[in-house]
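Asks: Here is what each chain is made of, one letter per residue.
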Amino acid sequence: MLAMIKVNLQRRWGRTALTALGVAVGVTTIVAMLALTGGLSRSAGDLAKLGRADFGVFQGGLADLTASSLPASIVPRIEAVPGVAAAAPLQVVPHALAADSSILVFGAEAQSFLVKRLVLIAGRDAAGKELMVGSNAAARLRIKPGQTLVIDGRALRVAGIYRSGISLEDDGVVLPLALTQQLSQRPAEISMIAILIAPGYGELAVERSIERAVPGTLALGDPSEVARVDTNSRIINKAAIIIAVLALLLGAVVVINTMAMAVIERRREFGVLAAVGWSHARIARLILGESVAVSLVGTGVGLAVGALASVLLVHALAAATFVSPVITLWVIGRGLIVGFALGVLGSLFALWQVLRVPTLKALQRE
Amino acid sequence: MTRPLLQLLRSTRARRDQTARPGSATGAAVEVDRVSRSFGEIAALREVSLSVAPGELLVVTGRSGSGKSTLLNLISGLDQPSTGRVLIDGEAVWQGSHVVRARRELVGLVFQQHLLLSELTARANVEVPLLGAGVRSRERRRHALELLEEVGVSDRAEHVPSMMSGGERQRVAVARALANSPRLLLADEPTGSLDSVNATRIIELLVRLRDRRGMTVIIVSYDPVVGAHADHTVTLLDGRLDSGGRQPLEA
Numbered sequence: 001m002l003a004m005i006k007v008n009l010q011r012r013w014g015r016t017a018l019t020a021l022g023v024a025v026g027v028t029t030i031v032a033m034l035a036l037t038g039g040l041s042r043s044a045g046d047l048a049k050l051g052r053a054d055f056g057v058f059q060g061g062l063a064d065l066t067a068s069s070l071p072a073s074i075v076p077r078i079e080a081v082p083g084v085a086a087a088a089p090l091q092v093v094p095h096a097l098a099a100d101s102s103i104l105v106f107g108a109e110a111q112s113f114l115v116k117r118l119v120l121i122a123g124r125d126a127a128g129k130e131l132m133v134g135s136n137a138a139a140r141l142r143i144k145p146g147q148t149l150v151i152d153g154r155a156l157r158v159a160g161i162y163r164s165g166i167s168l169e170d171d172g173v174v175l176p177l178a179l180t181q182q183l184s185q186r187p188a189e190i191s192m193i194a195i196l197i198a199p200g201y202g203e204l205a206v207e208r209s210i211e212r213a214v215p216g217t218l219a220l221g222d223p224s225e226v227a228r229v230d231t232n233s234r235i236i237n238k239a240a241i242i243i244a245v246l247a248l249l250l251g252a253v254v255v256i257n258t259m260a261m262a263v264i265e266r267r268r269e270f271g272v273l274a275a276v277g278w279s280h281a282r283i284a285r286l287i288l289g290e291s292v293a294v295s296l297v298g299t300g301v302g303l304a305v306g307a308l309a310s311v312l313l314v315h316a317l318a319a320a321t322f323v324s325p326v327i328t329l330w331v332i333g334r335g336l337i338v339g340f341a342l343g344v345l346g347s348l349f350a351l352w353q354v355l356r357v358p359t360l361k362a363l364q365r366e
Numbered sequence: 001m002t003r004p005l006l007q008l009l010r011s012t013r014a015r016r017d018q019t020a021r022p023g024s025a026t027g028a029a030v031e032v033d034r035v036s037r038s039f040g041e042i043a044a045l046r047e048v049s050l051s052v053a054p055g056e057l058l059v060v061t062g063r064s065g066s067g068k069s070t071l072l073n074l075i076s077g078l079d080q081p082s083t084g085r086v087l088i089d090g091e092a093v094w095q096g097s098h099v100v101r102a103r104r105e106l107v108g109l110v111f112q113q114h115l116l117l118s119e120l121t122a123r124a125n126v127e128v129p130l131l132g133a134g135v136r137s138r139e140r141r142r143h144a145l146e147l148l149e150e151v152g153v154s155d156r157a158e159h160v161p162s163m164m165s166g167g168e169r170q171r172v173a174v175a176r177a178l179a180n181s182p183r184l185l186l187a188d189e190p191t192g193s194l195d196s197v198n199a200t201r202i203i204e205l206l207v208r209l210r211d212r213r214g215m216t217v218i219i220v221s222y223d224p225v226v227g228a229h230a231d232h233t234v235t236l237l238d239g240r241l242d243s244g245g246r247q248p249l250e251a
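Which chain is which? The protein sequence lines are A and B, in order. Here my numbering is used: the first residue of the first sequence is 1, the next is one more, and so on. Here my numbering is used: the first residue of the second sequence is 1, the next is one more, and so on.
To be clear, the hints were calculated from the coordinates, so they are not data collected in a lab. Ideal placement from N, C-alpha and C gives every residue a C-beta, glycine not left out. Don't take every hint at face value.
[What the hints assert, rightly or not] Covered, in the sense of this in silico footprint (three residues per stretch, anywhere, with C-beta under 8 Å from a C-beta of chain A), are these stretches of chain B:
| no. | region |
| --- | --- |
| 1 | 102 to 109 |
| 2 | 116 to 124 |
| 3 | 180 to 190 |
| 4 | 194 to 202 |
Please work from the sequences and hints to get the whole structure.
Replies: Structure below.
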């Protein structure tokens, strides 16, 4: 049976290749979109967990959490909320680094847990108007302690290189909060507040207490909740789903059309198979096997190209720092499931085309 | 529960091995009982009755449009009669749920235009019915090569149909029809697309195979050369058996 499937696919290799390409486009889109939206969710989650905080407090009602802006004056009020062990104000300044505008600049107080939790791997702690560079950003910028980086037109000395284990932090640069406020000309403003919960308190209860104590704020800790609240993430997720569905439909139409054409051309051949004693089930297995085989070839290509496309896409969107594609086994598994499903779906119409024709009529077809 | 299942599997395998062994088949008796077949207003066959004994070689002759192929299609189960019945060994095998099995184990078909699968080699074409019967790969290959040897085209085993002559293709088609050791071989104009030399060779091959295997053979042909090799001939005229009925071969 496998030999027959191979021969049948090879006999019209150009068509087989085009069909596989159609499937590959569908699977590529699925994998790229899943990897991208997975990366977006993780990045949004990372934002709420900066400095390994329990959760973050943002400005409420925003489409994009990175655009959050809070008055620094609310920090003492939040610190006073029962259950809050520490509240670290943070300013996120995008596109501030001249050498690589995609690297995020964080402003944090030197004494906050955010900075204290950074593990120094080279140089020393920052003092005054110095900065610290995350390990990934340092590797990308090829910068060492003692060198300078230009941020918003000001050359600042690199004191040390740190590693936190949170990709968003390791891909960024940390400055004193007062300096980022000065550079952004918003001295009393912060982007978010990272919160540590006191022992014995529940995260959700503390989040709700903060939102009640400071109306207009939004406390988020669960990465999936962050992705849900962040309207931009939601829009991108929905767009990704729509694009993926369209790509799947395209792939399905290509496979259905090709398989239907292939079996219509070979109707007499299927008549011969029935005449020599092949059961409908065995003929169906042959058609299904051909359809699934070509789909799996396309799926293999689609998985590889999809992984590459997701990386290229975040670079094309200049979001490589904030978002890194997440390609998990489940993403690959879903790609495989889609490819297999396209194969099965593509064979159904072809099966109906073959099995509805009586053997004698099939034999009489030219 | 396990033992009866094992016994069933063993008996099925034994039957399959027996079926696959060349020369093990014996002919089937065919009874065509007042069979008519109409296509709309057109009556292709009218009240045709005939009997074919096990091991007999019957040739059905008649002019184009006389109903020869329609009769063969009814005997092979590819078509169903409008009225009347076709019995093989006394059973209406073309009705009910055993049609596929009967087609696989009882009947071998040879078509006028050989109808070999163009992308497959001669050997692979002969293996196709065996694949349908679930015979294992090594056994399929061995049996296919034996059959190609038997019909005299073993040197063409790895050639595709386009690399063979018309006579060779038809021999491969005969080998394919014999693959599951049928008890009834049905051939529809097997010499129709061949020159006289090849036509004679194919008919002589069918006669030789019938003699060797003991199977029943029914051949539809307008070719008088074919009729000359038959045990009996019947002639169809406008969908009816000619009044002469069965005519034994005259020496």
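Asks: Count the residues of the region 116 to 124 of chain B whose CB lies closer than 8 Å to any CB of chain A, then report whether that count reaches three.
Replies: Holds, because 4 residues of the region 116 to 124 of chain B bring their Cβ atoms closer than 8 Å to Cβ atoms of chain A.
Asks: Within the region 180 to 190 of chain B, is the number of residues with a Cβ closer than 8 Å to a Cβ of chain A three or more?
Replies: Per the Cβ count (1), the hint is violated.
Asks: Please count how many residues of the region 194 to 202 of chain B have a CB within 8 Å of a CB from chain A and say whether that reaches 3.
Replies: It is violated: at least three residues are needed, and the region 194 to 202 of chain B offers just 0 whose Cβ sits closer than 8 Å to chain A.
Asks: Against chain A, does the region 102 to 109 of chain B show at least 3 residues with beta-carbon separation below 8 Å?
Replies: holds (count 4)
Hint compliance for this structure: hints 3 and 4 are not met, and every other hint is.
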